[in-house]
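Guided by the hints, dock chain W onto chain P, whose structure is given.
There are 2 protein chains.
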Amino acid sequence: MDYSARLALLRKSLAGKKLDAILVSRPENRRYLSGYTATDHGISETSGLLLITRKGSTFLLTDFRYREQAEREARGFKVLLNTKGLFHQLKSLLPDLGITSLGFESDYTLHSTADKLFGLGRDLAIKMIPLNGLVEKMRLVKSKDEIECIRQAVHLNEQVFQKTFKQLSGRETEIELALELGAEMRRRGAEREGFDTIVASGNTSSLPHAVPGRNVLAENAPVVIDMGLVLNGYCSDMTRSFCYGTADTRYLEIHRIVRRAQLAAISAVRSGVSAGSVDMAARKIIVDAGYGKHFGHAVGHGVGLAVHEEPRISAKSRKKLKAGMVITIEPGIYIPGWGGIRLEDMVVVREDGCENLNTDTTWLDI
Amino acid sequence: MDYSARLALLRKSLAGKKLDAILVSRPENRRYLSGYTATDHGISETSGLLLITRKGSTFLLTDFRYREQAEREARGFKVLLNTKGLFHQLKSLLPDLGITSLGFESDYTLHSTADKLFGLGRDLAIKMIPLNGLVEKMRLVKSKDEIECIRQAVHLNEQVFQKTFKQLSGRETEIELALELGAEMRRRGAEREGFDTIVASGNTSSLPHAVPGRNVLAENAPVVIDMGLVLNGYCSDMTRSFCYGTADTRYLEIHRIVRRAQLAAISAVRSGVSAGSVDMAARKIIVDAGYGKHFGHAVGHGVGLAVHEEPRISAKSRKKLKAGMVITIEPGIYIPGWGGIRLEDMVVVREDGCENLNTDTTWLDI
Chain P
378 MDYSARLALL RKSLAGKKLD AILVSRPENR RYLSGYTATD HGISETSGLL
428 LITRKGSTFL LTDFRYREQA EREARGFKVL LNTKGLFHQL KSLLPDLGIT
478 SLGFESDYTL HSTADKLFGL GRDLAIKMIP LNGLVEKMRL VKSKDEIECI
528 RQAVHLNEQV FQKTFKQLSG RETEIELALE LGAEMRRRGA EREGFDTIVA
578 SGNTSSLPHA VPGRNVLAEN APVVIDMGLV LNGYCSDMTR SFCYGTADTR
628 YLEIHRIVRR AQLAAISAVR SGVSAGSVDM AARKIIVDAG YGKHFGHAVG
678 HGVGLAVHEE PRISAKSRKK LKAGMVITIE PGIYIPGWGG IRLEDMVVVR
728 EDGCENLNTD TTWLDI
Chain W
378 MDYSARLALL RKSLAGKKLD AILVSRPENR RYLSGYTATD HGISETSGLL
428 LITRKGSTFL LTDFRYREQA EREARGFKVL LNTKGLFHQL KSLLPDLGIT
478 SLGFESDYTL HSTADKLFGL GRDLAIKMIP LNGLVEKMRL VKSKDEIECI
528 RQAVHLNEQV FQKTFKQLSG RETEIELALE LGAEMRRRGA EREGFDTIVA
578 SGNTSSLPHA VPGRNVLAEN APVVIDMGLV LNGYCSDMTR SFCYGTADTR
628 YLEIHRIVRR AQLAAISAVR SGVSAGSVDM AARKIIVDAG YGKHFGHAVG
678 HGVGLAVHEE PRISAKSRKK LKAGMVITIE PGIYIPGWGG IRLEDMVVVR
728 EDGCENLNTD TTWLDI
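Taken in order, these protein sequences are the chains called P and W. The first sequence runs 378 to 743 under the working numbering. The second sequence runs 378 to 743 under the working numbering.
Quick caveat, the hints were computed from the structure, so don't treat them as lab data. Fair warning: there could be bad hints in the mix.
The list treats identical chains as interchangeable, and a pair is accepted whether it falls inside one copy or across any two copies.
Claimed, not checked - Restricting the straight-line Cα-Cα distance to at most 35 angstroms, the calculated cross-link-like pairs of lysine-lysine (DSBU-like) are: (1) 693 with 455; (2) 661 with 693; (3) 540 with 395; (4) 670 with 696; (5) 699 with 461; (6) 514 with 395; (7) 661 with 455; (8) 493 with 699.
All values reported here derive from a predicted model rather than from experimental measurement.
With the rest of the complex left out, here is chain P:
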């Protein structure tokens, strides 16, 4: 990845906002700008912050636990270890750098931390400026290298799904199947699961965010598997729905509506159209079929270093899609007491349409 080009672009943004420097706290942004792969144990336990000045300095502020990793990965960044906490470190560092205005990530900084930053700013006569989505905006359109990483993450995810699907005995519980999928991801080289794998069968499949249970997969009833992994930092996200056993007429009817909705949305994707029009392409089919109130979420979201990122592909969004964005297309129909069906692929927005990164066809066109 071309970190120096990214830093140059970031510095241009800083100049445009008349900022001398920025503190980068969101793990994906940190990785995007420096190559430092550490994740946080929750927002209260950071594994480091980047401090990037407009004039050209780049620091990674962390503590001794991450020293070896930080020095190995964040090439070009000076790794500074704080022994008395971040604020102590900033207090001694910032005045020497001649910084008079410092941006921080409002969307990934706790109110209590921001409060301390403002206090420090008053002490040091530095303006602390909350920023929203500055680095996230840079991440919206993916480079060729990034798309290649995402393609590999999608491919690996499909391999894991297909291998596990073929070996289904029907005696697995939801939890066992979810564990096996997560383990197989890591055996094959994934850094980690992108999110807790969802395996939901029978009527729990009507919960879009179902937690796998101790029940054996229901027979002749919908099963939803929503899974994703992280490979070289980039995420994949895929959902397949099927019946273990025989699909009845109702299953077939609803599955086919969801699939038609998905294909309609995929056909609607190309550079220049609004995110809302893509959602509406899928939604219209589900509404027309009489299931509108059973499709309560947006049709998709961006995927990259984060599994959920901009743009949201929701009905009311007027944001224009651009070539190089990578988004999911995942309509679903959820009927309490019966179950749910969701189908999810990932596509790259192109000038004249889109490229579907998924090639798995398991139970798609039944």
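Okay, now just chain W, sitting in the frame of chain P:
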């Protein structure tokens, strides 16, 4: 768990601070007060907020994805679904409740969210007050029921460790072993891993937060396993160090120093002493043995609904321990290029000493 007693205590705090209501966003606090077990997919994707008024109303504000779970679990709370977002919901709800001052959790609210809350407060003439650790303070001292839950979580964690340890073939990679530990936790009924299981062997064991790698366990070199699980909401956290193969003189020497440090700290624990004195009891032994600069972290931390919570057991802390607190005691020595050794048990602070919740003795006294 006695949720109504907890709510009564919280309302007393609100009265003391002259607050009409509180918004509770931290998942562990939410669960502590309501029984709602959902976790968040990161701080930007909440699965709900509690709104608790001093006068007696209790709401759980969430969206359609969590409806069934919220209604089933959060007994006594009125579940309100937001379809147009949280702020829209608050805007219509707050005026009807006659609230003029509303606290929110400064330590678990993003700066950008707090900013919107302040804006809403200006519109509705409601004072928005940042709070630090109000519910966390209530969670510091554990009830008998809670200690029983933690005991069970510790016990299950040890069973998982012992079973896996006995089956070690020495051909496992760090990742395979970490996966097997995590899977066994869930097979035996854990809700989830409390954190990513650490399996670090050879010189990567010198990283206190090592990520398991693709290498087979090093022979005749230190192996550190740091693992914990969540059972009925409560966490366990345990570390064992051993050699796969034969321990040489250096390993034995360092292991015994760490163990002596751990025993010294455990002996120092009782109600009324400072957290710092417990840390120093362990630290003195490691410093006197000449390894002071290789023990860079605090000796322990509180454990409960969160795997890391107050009190921190660090050298400079003057906080007094109280009977009913549950803390880890986990000194370590980390030598870059060689490896590390850490030993971690969990103890309950008692009036006259402490009770060690761990009974596993694997490789402790060698």
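Structure-based check of all given hints:
Taking the shortest Cα distances, residue 693 and residue 455 sit within 35 angstroms of each other only across copies (29 angstroms), while inside one copy they are farther apart (44 angstroms). For the homomeric pair residue 661 and residue 693, the shortest alpha-carbon distance inside one copy (14 angstroms) is at most 35 angstroms, but the shortest distance between copies (62 angstroms) is not. Proximity of residue 540 to residue 395 under the C-alpha cut-off of 35 angstroms is found in neither arrangement, the shortest distances being 53 angstroms within a copy and 59 angstroms between copies. Taking identical chains as interchangeable, the C-alpha atoms of residue 670 and residue 696 lie at most 35 angstroms apart only when both belong to the same chain, with a minimum of 24 angstroms there against 54 angstroms between chains.
In the homo-oligomer, the alpha carbons of residue 699 and residue 461 lie at most 35 angstroms apart only across protomers (26 angstroms), although the nearest pairing inside one protomer, at 45 angstroms, exceeds that limit. In this homomeric assembly, residue 514 and residue 395 come within 35 angstroms of each other (Cα to Cα) only inside a single copy, at 18 angstroms, whereas the closest approach across copies is 42 angstroms. With identical chains, the CA atoms of residue 661 and residue 455 are at most 35 angstroms apart between copies only, with a shortest distance of 33 angstroms across copies and 53 angstroms within one. For the identical chains of this complex, residue 493 and residue 699 are inter-copy neighbours only, at 29 angstroms across copies versus 38 angstroms inside a copy, given an alpha-carbon limit of 35 angstroms.
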